[in-house]
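Go ahead and model the full structure; you've got the sequences and the hints to work with.
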Amino acid sequence: MLKNPLFNILFFISIFISSLFSNDLEEIKKRGELRHLGFPYANFITGLGDGLDVELIKGFAKYINVEYKFVPSLVGDIFGNLTGQNAKNSEKGVVLYDNIPIKGDVIAAGLTILDWRKEVVNFSRPTFPSGVWLVSRANSSLVPINPTSSINNDINLVKKSISSKTVLAMENTCLDPRLYKMKETTTAQFKLLDKESTKFIDLIPAIINKYADATLLDVPDALIALEKWPGEIKIIGPISQKQEMAVGFRKNSPQLLIEFNKYLKIIREDGTYNNLVKKYYPDIFHFSADFFK
Amino acid sequence: MFSNKNIYIIFGGIILVSYIFALIIITTTDQKKIESYEKKEINSFVQSKAVTLEYFFNVLKKDVSNISENRILSLYFLNKALGMSMEYGLKVSINKIDRFLDKFKNSQYIKNSRIFKDIILINKEKNIVSENNRNNLIDLNSLNIESANEASIYIDNKENEVYILKNIFIKEKIVGTLVCFINIEGIFKELVIETEQFVLGSKSKLITQSKQSIDLILKDNKYKKIDIIDTPFVIFGKTSDINEKSFFTKWLNIFLAFLAFPILYILYHLLLLNNKNIKLKEEIKNSLKEKQNEKIMLQQLRVAAIGEMIGNIAHQWRQPLSVITTQATGLKISLEYGNEISKDELKKMMEKINNQAQHLSKTIDDFRSFFQGNINELHEFDIRNTLDDVRKLTKDTFNNNFIEYHNNIEDCKIKGNENILIQAFINIYNNAKDALSEKTLIEKYFFVESKVIDDELIVIFKDNANGISKDIIEKVFEPYFTTKHESVGTGIGLYMTNQIITKHFKGSIEVENEEFIFNNKKYTGAKFTIVLPIREF
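So the sequences go chain by chain: A and B. Residues in the first sequence are numbered from 1 upward in steps of one, following the numbering used here. Residues in the second sequence are numbered from 1001 upward in steps of one, following the numbering used here.
What the hints contain is simulated information worked out from the structure, not anything from laboratory work. All values derive from a computational prediction rather than experimental measurement. From the three backbone atoms N, C-alpha and C, an ideal C-beta is built for every residue, glycine too. Check the hints yourself; a few may be wrong.
[Unchecked claim] Capping the alpha-carbon separation at 20 Å, the derived lysine to aspartate or glutamate pairs in EDC-like fashion look like this:
1. Lys1080(B) / Glu232(A)
2. Lys1103(B) / Glu227(A)
3. Lys1413(B) / Glu1443(B)
4. Lys278(A) / Asp1102(B)
[Stated by the list, open to error] To give an idea of the chain A side of the interface with chain B (calculated C-beta under 8 Å), a few residues:
5. Pro101
6. Trp133
7. Pro144
8. Asn146
9. Pro147
10. Leu223
11. Gly231
12. Ile235
13. Gly237
14. Pro254
15. Pro282
16. Asp283
See below:
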């Protein structure tokens, strides 16, 4: 829970106010439209009208018999566009700030399940495996680790290797170095990208252009990057434990969440979901085969 | 000996057989020509197949060359060179390679056949990099990757596999090699189609399936061999049509040749049939001639019989005429000399004359009824009446010769022409009369006996004229055989009797000499036994 009592009060008031304008399943059905919040991110939302999450939510909209609508958002506004108030992570916990208009009903944009995010939104059952890797340009002096059988050891090896290196990161995302106590455990210098103006897809060009020695990158994005910039980047090793992505729902949309989980179960069981994943992330099966069993 | 028909048959047979042989010769000659044309055709056909395969393999090599340059293949080597680990990034590269190779492999079809059996990526150490495609179809250590800078086709003779090798370069250095195993059977089947006629091989071994070995194919002149340029392949082609047609022609010729046998067989039997016809005609002709002769003889017999009858009439008439003459002469003398003749005497004399005249008239009637009969008319008659008639006709003759007549006749009715039978019997009577009159015998006997045994009437005529000489007894039924003076006998009497009994009455007649006792005296004579069937005919 939030540590500041004032924030607590404000948080619950905001929840209360939001619930007055509840946008749960019934209202969405009445409205006849499911609004999908997202931003172009890897192959989840390609920006060309398709992507794994676009197709997933389109399928869900069809499942609940409403129209689908994509509502573009920004990395920094994505929670606010769902709940009506922006939220961010801090050393003290979740911080709620600016009230902004609610624009959507679900967030699906390769949203990694993080503890602080769980306080802001309800997550569906996991939809995608993830993790965070350290990626450097090919001609960097950083050397990929020699993997051990332990992920923790591998993380430590990576952290050691980046001492005194510059590393790109993004706060309030899964690439937030605070999540992995990097500042405490490494001597690396972090360059934090502006959440307002920078998109995830800018990270690789930044390191290729020597803006930094390396960058944090989640696994799905790294897989795309390896394909996009062959021979120009290299994976050094893991920074995080294995993570999972999911679809985010307003706290006051429990029925919508339940319905989505039902839908997800159906398409995972009938193979529709795996086919979707195969279409956008064919390599992910080898990264986390158990997840898709 | 050959009739005209036989000559026609033989001539027809020769023409037919010649026609068949001409057909065989023409067919065989035509076949040779066709084979010659087809040989030329197959040569160009094999050439066209070789060109097709050459073009196809060139395109295939180009395709392999193109995919070898795809960055997905080199990415693995790049990432590996960058030191990336399998767990973190490198495995993804391998997966991409697998997917890429799979996609390429699965998209390469020629009609319904896959072009590639498998495609693997190996590194410089000849270890397989790709994970999905790990079918180790050949010993990789035997690969000569140094020569695979350009996509080239190779044959693994040990495993009978065909593959394309193409090295992968990064900055002009070989980092790996693509090994593409070709589904050569499938490609060959789809491109060549007529796989029965064509075989693909190297210079020392066959690659596609064939019933024959390479050695046999190399020795077989029917196979045209053409090297497929820029490949290690040789295509061997022959035309199955030639074989099939040769096979057909061969059997057609054999059939035609064998056709000659039944024709000859039929002709042979036609000849036999014709000969039989000729014989039959001869026999019919002879039979008709015989019948004609028989008719003539019958006529002669009739004439002879008439002669005999006239003799008999003369005998019959002599006595009554003598009585009439005596009575008439006595009456005339009495009238000339004025002797008185009483009315009773005159009446007696007139009655005598009248009686004798009546006798003469009856005699005439008897003979006339005999001669008037139609010999072709069949009717039922009693043998007793017949023998009585014969007796009447011969009675006077027998009496004049003092022959004693004895009979023992059993009634029996038979069918036939009675007059002819009378004629037959009269001949035997006359024969006996002549034999008895020639002999100076005190007692002259003629016995007639008839009896019925089962379905047969047995008639026996027997005399006591000492029998017939053994030298001639077997010839008495032959025509124109006679022991009598030519003024008396014609030699056809007993022959005609034999003919009448055997041919007209379907019976039999035998003659033998027999010793017998009559009135306690022993006699010898000829015995004629006639057997007549009692049935309708």
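Quick rundown of the hints versus the structure:
Between Lys1080(B) and Glu232(A) the alpha-carbon distance is near 12 Å, which keeps this suggested pair within the 20 Å criterion. Taking the CA atoms of Lys1103(B) and Glu227(A), the gap is about 17 Å. The hint holds against a cut of 20 Å. For the proposed pair Lys1413(B) and Glu1443(B), the alpha carbon gap of about 33 Å is over 20 Å, so the pair is violated. With a CA separation close to 15 Å, the supplied pair Lys278(A) and Asp1102(B) stays within the 20 Å bound.
With a least beta-carbon distance of about 40 Å to chain B, the hint placing Pro101(A) at the interface is violated under the 8 Å criterion. Interface restraint check: Trp133(A) against chain B, minimum CB-CB distance 6 Å, threshold 8 Å, status holds. The beta carbon of Pro144(A) comes within 4 Å of a beta carbon in chain B, closer than 8 Å, and the hint placing it at the interface holds. For Asn146(A), the interface hint holds, the least distance from its beta-carbon to any beta-carbon of chain B being 7 Å, beneath 8 Å.
Given the 8 Å rule on beta carbons, the hint for Pro147(A) holds: about 4 Å separates it from the nearest Cβ of chain B. Satisfaction of the interface hint for Leu223(A) is found here, the shortest Cβ-Cβ separation to chain B being roughly 6 Å, below the 8 Å cut-off. Checking Gly231(A) against chain B: minimum C-beta separation of about 4 Å stays under 8 Å; hint holds. The beta carbon of Ile235(A) is positioned within 8 Å of a beta carbon in chain B (closest approach about 3 Å), and the interface hint is therefore held.
Interface hint at Gly237(A): satisfied, since its Cβ lies 5 Å from the closest Cβ of chain B, which is below the 8 Å cut-off. The restraint placing Pro254(A) at the interface with chain B is violated, with a minimum CB-CB distance near 38 Å, outside the 8 Å limit. At its closest, the beta carbon of Pro282(A) sits 6 Å from a beta carbon of chain B; the interface hint therefore holds under the 8 Å criterion. Nearest Cβ of chain B to the Cβ of Asp283(A): about 5 Å, under the 8 Å cut. The hint holds.
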